[in-house]
Amino acid sequence: MSDTFLAGWAVWGWLWCGGLVWGGQLDLVQRDRVQVVWDTEHSQMTYAVNLLDGVQEYSRVDLTSGEKTLLFEPGQLARALGKNLAREVDVTELKTLRKVKAVGVDGSFEFHWNDARWNCSEAYEVSKLEEIAATPSELLTRRQRSNSGGTDTSLEIQNHLDVPLSCFWISTDGAPLPYGTIEPGGSKSQHTFSGHVWSLRDGSGTEVLRFSAAEFGNVVRVDARLRDEFELLSKQSRGNRRGRNQSRGQQPENAEAPTGFLRDSDFWVEDAGQEWQLTWDSSDVLKYRGPVLHSPSGRWASAIREAVAPRRQVTLIESSPGDGVQPVVHQFDYVKPGDPIDRPEIALFDVVSRQEIAVPNQLFATPWALSQFEWLDDPERLMFVYNQRGHQVMRVLTVAADTGEASVVIEETSPTFIDYSNKTFLQSIEQGRQLLWMSERSGWNHLYRFDSQNGELINAVTQGDWVVRGVERVDQSRQQVWFSASGMNPAQDPYYLHLCRVDFDGQNLTVLTEGDGNHSWEFSPDQRWLIDRFSRVDLPTVTTVRSAEDGALICELERGDATALLESGWSLPEHWVAKGRDGKTDIYGVIVWPDEIAEDRKYPIVEKIYAGPHDSHVPKSFGLMTQEHEIANMGCVVVRIDGMGTSNRGKQFHDVCWKNLADAGFPDRIAWIEQAAQQHSQLNAKRVGIFGGSAGGQNAMRALLNHHDFYSVAVADCGCHDNRMDKIWWNEAWMGWPVGDAYSRSSNVEDAHRLQGKLLLIVGEMDRNVDPSSTLQVAHALIQADKDFELLVLPGAGHGAAETPYGRRRRAEFLRQHLLESD
Numbered sequence: 068m069s070d071t072f073l074a075g076w077a078v079w080g081w082l083w084c085g086g087l088v089w090g091g092q093l094d095l096v097q098r099d100r101v102q103v104v105w106d107t108e109h110s111q112m113t114y115a116v117n118l119l120d121g122v123q124e125y126s127r128v129d130l131t132s133g134e135k136t137l138l139f140e141p142g143q144l145a146r147a148l149g150k151n152l153a154r155e156v157d158v159t160e161l162k163t164l165r166k167v168k169a170v171g172v173d174g175s176f177e178f179h180w181n182d183a184r185w186n187c188s189e190a191y192e193v194s195k196l197e198e199i200a201a202t203p204s205e206l207l208t209r210r211q212r213s214n215s216g217g218t219d220t221s222l223e224i225q226n227h228l229d230v231p232l233s234c235f236w237i238s239t240d241g242a243p244l245p246y247g248t249i250e251p252g253g254s255k256s257q258h259t260f261s262g263h264v265w266s267l268r269d270g271s272g273t274e275v276l277r278f279s280a281a282e283f284g285n286v287v288r289v290d291a292r293l294r295d296e297f298e299l300l301s302k303q304s305r306g307n308r309r310g311r312n313q314s315r316g317q318q319p320e321n322a323e324a325p326t327g328f329l330r331d332s333d334f335w336v337e338d339a340g341q342e343w344q345l346t347w348d349s350s351d352v353l354k355y356r357g358p359v360l361h362s363p364s365g366r367w368a369s370a371i372r373e374a375v376a377p378r379r380q381v382t383l384i385e386s387s388p389g390d391g392v393q394p395v396v397h398q399f400d401y402v403k404p405g406d407p408i409d410r411p412e413i414a415l416f417d418v419v420s421r422q423e424i425a426v427p428n429q430l431f432a433t434p435w436a437l438s439q440f441e442w443l444d445d446p447e448r449l450m451f452v453y454n455q456r457g458h459q460v461m462r463v464l465t466v467a468a469d470t471g472e473a474s475v476v477i478e479e480t481s482p483t484f485i486d487y488s489n490k491t492f493l494q495s496i497e498q499g500r501q502l503l504w505m506s507e508r509s510g511w512n513h514l515y516r517f518d519s520q521n522g523e524l525i526n527a528v529t530q531g532d533w534v535v536r537g538v539e540r541v542d543q544s545r546q547q548v549w550f551s552a553s554g555m556n557p558a559q560d561p562y563y564l565h566l567c568r569v570d571f572d573g574q575n576l577t578v579l580t581e582g583d584g585n586h587s588w589e590f591s592p593d594q595r596w597l598i599d600r601f602s603r604v605d606l607p608t609v610t611t612v613r614s615a616e617d618g619a620l621i622c623e624l625e626r627g628d629a630t631a632l633l634e635s636g637w638s639l640p641e642h643w644v645a646k647g648r649d650g651k652t653d654i655y656g657v658i659v660w661p662d663e664i665a666e667d668r669k670y671p672i673v674e675k676i677y678a679g680p681h682d683s684h685v686p687k688s689f690g691l692m693t694q695e696h697e698i699a700n701m702g703c704v705v706v707r708i709d710g711m712g713t714s715n716r717g718k719q720f721h722d723v724c725w726k727n728l729a730d731a732g733f734p735d736r737i738a739w740i741e742q743a744a745q746q747h748s749q750l751n752a753k754r755v756g757i758f759g760g761s762a763g764g765q766n767a768m769r770a771l772l773n774h775h776d777f778y779s780v781a782v783a784d785c786g787c788h789d790n791r792m793d794k795i796w797w798n799e800a801w802m803g804w805p806v807g808d809a810y811s812r813s814s815n816v817e818d819a820h821r822l823q824g825k826l827l828l829i830v831g832e833m834d835r836n837v838d839p840s841s842t843l844q845v846a847h848a849l850i851q852a853d854k855d856f857e858l859l860v861l862p863g864a865g866h867g868a869a870e871t872p873y874g875r876r877r878r879a880e881f882l883r884q885h886l887l888e889s890d
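Numbering (my numbering), first residue to last: 68 to 890.
To be clear, the hints were calculated from the coordinates, so they are not data collected in a lab. Don't be surprised by glycine CBs; every beta carbon is placed ideally from N, CA and C. Every clue listed holds true.
Pairwise CB distance ranges (calculated):
#, residue 1, residue 2, range
1, D469, E320, 14 to 24 Å
2, L843, R821, 12 to 22 Å
3, S544, G270, 56 to 66 Å
4, D269, Q749, 43 to 53 Å
5, Q494, L300, 30 to 40 Å
Let the sequences and hints guide you as you build the complete structure.
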């Protein structure tokens with residue numbers, strides 16, 4: 068029996084049990100997670116850093132001098148607590164310390180521990196200040212989905228109720244994915260990321276608890292108190308929602324002015340206790356909705372009049388419901404490319420004379436959306452952003468309050484697309500006389516300053532062959548913008564994020580972060596300092612504190628240490644750069660090797676693909692890359708690549724995706740892999756497989772349609788195999804509107820007859836993100852073309868069915884059988 072076959076069986080065992088091969092190795096990285104508590108009054112901060120085995124170390128930093136000292140010695144604190152409690156306290160019990168912070172400058176500090184808040188003096192005299200809840204209530208949440216990204220962390224869930232609790236991770240698209248059951252009196256340790264949302268449900272499916280993981284302190288003691296607190300939070304959340312029949316929106320600055328509001332989808336005015344209805348035409352197909360905004364003087368108010376389009380519905384059949392035998396039918400609204408959409412217009416009212424002012428819509432006649440409404444003064448005008456359907460025209464418009472006449476302030480056009488969902492920013496400055504605006508008009512995403520009165524460009528705030536990634540904050544008093552950017556340093560990976568600041572006039576550009584890696588940051592409450600964290604796939608996190616004024620280093624806090632992880636056998640991912648299809652453009656990716664490499668062997672290659680144009684997708688920060696290691700340890704090498712058509716480079720790089728999702732950057736990916744094999748003699752570029760989910764599922768199958776001379780095996784999970792079948796916003800953003808021939812040219816269904824190679828299609832029957840019929844339609848087309856393939860439908864599974872334990876095992880088995888075993 069081959070080593071590859073044995074390695075495959077080892078991986079299957081983990082996948083079958085729903086475990087993570089490297090999930091248990093999280094604690095083998097130390098000093099990479101720093102949690103800060105600021106004391107700006109005394110120009111100091113306290114921070115906790117993780118050590119091995121779940122222990123944390125606490126330090127105090129003088130922000131004036133940069134001096135760093137340990138806050139306490141764990142053994143002495145344990146003895147002091149033991150003396151107070153008249154029992155021995157082991158140092159390991161200090162793992163559950165929370166909210167540790169220095170108090171004043173006399174060396175004393177406070178902390179939460181053992182269901183109480185404590186104080187400890189510099190001389191290790193401890194006193195209990197008050198009893199507190201066992202589980203921090205700030206973990207509780209009503210958020211409907213997990214944040215993307217976040218810091219590697221872990222959580223412990225303790226079930227102190229008398230019923231079993233089913234544990235679900237709430238994915239980034241809101242789908243609950245099962246993660247086992249916790250029996251009464253039992254507990255569960257789970258790897259996760261900060262910002263990820265978890266839900267606990269009883270046997271009837273009722274949600275008992277929902278919480279969001281923090282970077283530290285994720286010990287969740289599920290008892291009656293916490294359950295009741297969550298129930299109260301849920302009721303408060305529901306109670307805070309405005310009723311559907313009435314909405315008053317933003318109130319006028321002039322407290323004596325009449326107030327416009329909505330009632331039963333019509334516009335009303337209230338003045339001195341009396342109410343008047345100004346519109347009477349609302350119906351099932353015409354509604355008035357918010358935001359209701361009042362002009363500075365209070366004389367005018369605005370709302371949205373919207374023609375309501377019919378809604379397409381998707382029907383799913385739950386074949387095996389958990390609470391019954393008979394299938395259950397589920398229907399929900401799901402608008403697809405080309406469908407009719409709601410058509411908003413501006414409704415403008417003089418609330419003093421109680422008259423509507425007509426607003427001609429020639430400048431915003433075909434809206435995808437109207438957004439970012441704001442009243443400007445002198446003269447009074449309503450400003451908003453018009454995003455034309457098809458996303459090739461965006462305008463900043465103003466409507467004169469007294470006449471209803473619309474004028475163009477800023478106009479953006481593109482022969483391809485405007486990336487409105489990721490590269491739009493508008494803020495009025497200088498009392499509304501000027502505007503900050505984000506645009507790719509130069510071929511790179513940058514900030515510009517305009518005159519809001521006449522629309523003239525005052526200056527480019529940022530410029531160059533690099534990308535503004537987002538605006539952090541705007542300081543109008545100092546006339547400065549803080550923003551994130553990438554690609555500024557030609558010696559670094561152009562995707563690495565840095566924090567920058569620049570004056571409104573484009574002068575004094577300052578990079579506030581330093582270090583060759585991908586940066587994240589947090590400001591002190593008074594904005595004087597910032598915590599700068601950076602890492603790479605091959606470098607654990609380095610954490611510093613810097614001046615937010617000029618980026619000057621105050622103190623290096625910690626350097627992450629992965630020694631124990633590497634000694635355990637974990638292979639360090641390799642950052643790799645090669646030329647793309649044009650022989651000139653650098654393409655960036657990552658190589659993940661097996662943990663044990665045979666010197667005399669050439670390894671097949673498996674690409675994990677996701678080519679969605681809304682972002683770039685190759686990891687840039689240090690992480691375990693669990694899935695990649697799982698598959699590599701079967702006996703192959705896993706690669707991830709950002710080809711042309713993905714975001715966060717220049718516009719030309721991004722535009723490759725326009726009406727061309729079938730491209731998926733494959734010419735760049737293939738060139739990258741071939742060059743990697745030339746430089747790495749153990750890579751076998753003649754045996755290449757590929758897998759992906761969602762858009763990555765579409766990409767994975769496309770590899771066997773267009774590039775089967777290079778890729779021979781593919782696993783496609785929950786793919787949007789025909790973009791006419793998927794959600795409207797994502798697909799019209801890149802494929803355009805009206806729906807034309809480009810959609811069929813990128814359709815896996817239309818091209819199914821071109822399939823060559825081994826294909827496994829996976830889909831969950833309850834996928835609410837991508838219509839599961841898309842996978843069944845491509846399966847039908849393959850059958851019609853008499854093509855051999857495998858289809859796995861998972862009853863009850865939602866989006867990402869291949870990431871269930873059974874789906875992971877089947878994917879691994881398919882790759883092993885068709886790519887590795889024959890090798």
